[in-house]
Amino acid sequence: MSRIQIDRVTKKYGKVIAINNLSFSCEDSELIIVLGKPGAGKSTLLRMLAGIEEPNEGQIYFGNNLMNGVAPEKRNVAMAFETYALYPHFLVKQNMLSPLMSPNNTIDKNLREKRIHEVSQLLEIEPLLERKPSQLSGGQRQRVSLARALVKAEDTNCVFLDEPISHLDARLRNSLRGELKKYLKDKKATVIYTTADYAEALGIADRILIIIDGTVRMFASPDKVFDEPKDLGVANMIGDPKINIFEVNGKGTIQVGDLTPTLKYFEKVQAKYIGIRPLDINIMSSKNLDLIPGTVYVTEPIGYDQIVRVMVGSKMINIKMPLENNTFAINQPVWLDINWKNGLIFDNDGMLKGLD
Amino acid sequence: MDKKNTLSKTLRTVGLIFWGIFALFPVYWIIITAFKQSKDIYQGPFLLPFVDFQPTIAAWTKLMGPSKDQFINALTNSILFASVSALIAVLLGSFAGYGLARYSYKYGNMKNNDLSFLIISQRIMPPIVAVIALFAIFSFIKLLDTKVGMILVYTWFNLPLTVYIITDFISRIPRDIEYAAAIDGYGKIHQIFRITLPLAMPGLTAAYLLAFFFSWNDFLLALMLTFRKASTLPIMIMNLSTTDNPQWWFISAVGIISIIPPMIAAIVLDHFIDRQLLSGGTR
Chain A
277 MSRIQIDRVT
287 KKYGKVIAIN
297 NLSFSCEDSE
307 LIIVLGKPGA
317 GKSTLLRMLA
327 GIEEPNEGQI
337 YFGNNLMNGV
347 APEKRNVAMA
357 FETYALYPHF
367 LVKQNMLSPL
377 MSPNNTIDKN
387 LREKRIHEVS
397 QLLEIEPLLE
407 RKPSQLSGGQ
417 RQRVSLARAL
427 VKAEDTNCVF
437 LDEPISHLDA
447 RLRNSLRGEL
457 KKYLKDKKAT
467 VIYTTADYAE
477 ALGIADRILI
487 IIDGTVRMFA
497 SPDKVFDEPK
507 DLGVANMIGD
517 PKINIFEVNG
527 KGTIQVGDLT
537 PTLKYFEKVQ
547 AKYIGIRPLD
557 INIMSSKNLD
567 LIPGTVYVTE
577 PIGYDQIVRV
587 MVGSKMINIK
597 MPLENNTFAI
607 NQPVWLDINW
617 KNGLIFDNDG
627 MLKGLD
Chain B
174 MDKKNTLSKT
184 LRTVGLIFWG
194 IFALFPVYWI
204 IITAFKQSKD
214 IYQGPFLLPF
224 VDFQPTIAAW
234 TKLMGPSKDQ
244 FINALTNSIL
254 FASVSALIAV
264 LLGSFAGYGL
274 ARYSYKYGNM
284 KNNDLSFLII
294 SQRIMPPIVA
304 VIALFAIFSF
314 IKLLDTKVGM
324 ILVYTWFNLP
334 LTVYIITDFI
344 SRIPRDIEYA
354 AAIDGYGKIH
364 QIFRITLPLA
374 MPGLTAAYLL
384 AFFFSWNDFL
394 LALMLTFRKA
404 STLPIMIMNL
414 STTDNPQWWF
424 ISAVGIISII
434 PPMIAAIVLD
444 HFIDRQLLSG
454 GTR
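Going line by line, the protein sequences match chains A and B. Terminal number for the first sequence in the numbering used here: 632, no gaps in between. Terminal number for the second sequence in the numbering used here: 456, no gaps in between.
No lab work stands behind these hints, which were simulated from the structure alone. Be a bit skeptical, because a hint or two may be false.
Below are the PhoX-like pairs computed for lysine-lysine, each with C-alpha atoms no more than 25 Å apart in a straight line [unchecked claim]:
#1 A:K500 - A:K350
#2 A:K500 - A:K369
#3 A:K369 - B:K361
#4 B:K361 - A:K350
#5 B:K279 - A:K288
#6 A:K291 - B:K279
#7 B:K284 - A:K291
#8 A:K288 - B:K284
Just so you have them, the derived chain A footprint on chain B, three or more residues with Cβ under 8 Å [said to hold, decoys possible]:
#9 341-353
#10 439-453
Take a look, some chain B residues computed to stay more than 10 Å from chain A by CB distance [stated by the list, open to error]:
#11 L184
#12 I194
#13 F208
#14 W233
#15 L248
#16 I292
#17 S294
#18 P300
#19 I356
#20 G358
#21 Y359
#22 H363
#23 I368
#24 L372
Heads up, the beta-carbon is just placed ideally off N, CA and C, and yes, glycines get one too.
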C-alpha cells in the first residue's frame, strides 16, 4: 500500500506510440479505474507499473522509491492479467497459493488457507479448487486469475487488475462488481484497474482515468466524468446508448439530420456541438409541428426501459425511456421532443463549455 | 448416413491393417530369422516357425558365448553415446533455446531468426562432407576410437536439432505465465524451474528422443571415427554381414536387441509428452 506516481511516461513499440507523455498519481488505498477503448494503452500502462515493460521515457514512483528498472518480483505488487496467465500445470488452489508462498512473501499456513477460502468464496470458485485450469471455462479461468491477484491484495504496494471481470457472464459481472469493490476497500488496497466498460468505471472507481490514444484525456471522480465530460471523446465513451452529438451551424441553428431547427436558447452561446443524452429526448406518436419528425429505426425493450433508435433524415438518434409510457413499431413516424436545455455544449475544439 | 459411416469405417480398418502389416512384417521377419538355421534361410522363404521350419537358438548361444565381449561392448557403447550425447545436446539446447525464445539479439545484421538459421544450417551439410575433416581433427587431438570423442561428435551433430525444437517449444509458452510468476514474487531462477521447465518438458523430451534415435541409428560417423574400442551396434552388424557368408540369423539376433533400447526410451519418455500441457493457461 503506497502512493503511486507516474511522471511523463512514454512507451513506444517500434514506431507505434502506445503511451504518450502520461502523468498521474494515485493516492494510498485509492481505487483508480483506467477507462479506455481496446488499444488505448491501458494494458501497457499496467504492465509498466508492474515492471513487465520498461518505459522509454519518464519515471514511475512507489512512495518515494523510483521503480524504473526494478524487476517485477521486487516491486511487491499483485496483478490479474488480461490473458489470465494461469499456471496450466498447477491446480487452481496451487495457482492461488503461488503468491502467498514466494521466497519474498511467505505467509503462515493457517492464514494462507483463510485467504484462499475468503477469496474463493467471494469469486464463487470454491468447487473448482482441485481442478486444473484446462478443466475450466473461460469465465472460470478469469476468476481464478483475479483470485490469484486478490489473495495478496492486503500486503502489496498495489493491485493491478487488467480487465478482471470482462469475460464473465453478465449476471456474475454485475453482482461481482460491487463485491469486488467492497473487498478491495475492506483490504485498503491501492488498486489500478482497467476496463472498457463505463458502467464498471462509474460504479466502483474513486477516480476515473480516461485514456484515449495513449494520453490522459480526463482524470476525475465518476460523477464529474458523467456530468461534465471534458470533451467529445470522453462524452462519447460514457453512457449507453451513446450520447447524441449535433453540430451547430452559426447562431442557434442546429443540424438534426436534414433539418435545421433554430433555437433562441443557443443564440448567445458560442457552440460548435451539442450533446444530448438519450434520456433527454421524449418521443411523441402524434403529429406536432413544433417538434422534430423522424421514423423509428428499431426498438429494444429491456425490462423497465426501452432503447429506441430514430432516424431523422440520415442521422440516427439514440433515445432511452421508460417502457411503461408507450411502445413504438419499426418504421412508425414519430415526433421528437428534445430537451435542449440539458445539452452539453462543446466549442470548436470539442471541449466542454459552461453555459454561463 | 449410417451406410456411409460403415463404409468409411471399413475402408479405414482395411487401410490400417494393410499399413500395420507393411510396417510390422520386417520386424516379424527378423524375429523368425534370428531363430533359423542356414538351410532354412537359403532354401526358404519359410514364414511359420514349427510349420515351415524348426526354430533353433544357435544365434543366441553364439551371441552370449563366443561373441559376447564384442556384443556387450557395442551395446553399452551405443547406449552410452546415445543417452549421454542426447542429454548434453538437450541441456545446451535448452540454454540456447531459452535465450533465442526470450531475448532479442543483434550481432551485426543478424537477429534472432538469423541466428536460429545459422544454427540449423549446420544440418544442411551432408555429414559425409564433414567426416573427413572430423577424422583429421580427431586423429590430431587423439580422440579417434574413444568414448569421449563419440559423445562429443554426436552432441555436435544433434545440437542444431535440439536448439531448433526447444526454441520453438519455449516460444509457445506464453510469456505472461512467466511474468505472472515474477509478479507473484519469484526471481528468474525460480521462474525457470517452477514454470518454464515443467511446461517445456514435452519439447525437451521430444528433442531428447530425436537426438537419442539419431545417435543410436548413426552408422557413418561411427564407421569413420571408431575401430574397435568405441564401436557401436550398427558397426557390429555391418561387420557380421561383410564376412564371406553373411550370418543372417546372427545379424537378426543383434538387430532385435538393437530395437529394444530406443523402444524403451520412447515408451518411458512418452509419459512426459503431454500435448495438452499448455492448455488452460491463457484465454
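Structure-based check of all given hints:
no. : hint            : verdict
1   : A:K500 - A:K350 : 36 Å, violated
2   : A:K500 - A:K369 : 41 Å, violated
3   : A:K369 - B:K361 : 23 Å, holds
4   : B:K361 - A:K350 : 11 Å, holds
5   : B:K279 - A:K288 : 19 Å, holds
6   : A:K291 - B:K279 : 19 Å, holds
7   : B:K284 - A:K291 : 19 Å, holds
8   : A:K288 - B:K284 : 20 Å, holds
9   : 341-353         : holds (count 5)
10  : 439-453         : holds (count 5)
11  : L184            : 34 Å, holds
12  : I194            : 38 Å, holds
13  : F208            : 47 Å, holds
14  : W233            : 45 Å, holds
15  : L248            : 37 Å, holds
16  : I292            : 26 Å, holds
17  : S294            : 28 Å, holds
18  : P300            : 38 Å, holds
19  : I356            : 5 Å, violated
20  : G358            : 3 Å, violated
21  : Y359            : 5 Å, violated
22  : H363            : 7 Å, violated
23  : I368            : 6 Å, violated
24  : L372            : 6 Å, violated
Consistency note: the structure conflicts with the earlier hints numbered 1, 2, 19, 20, 21, 22, 23 and 24.
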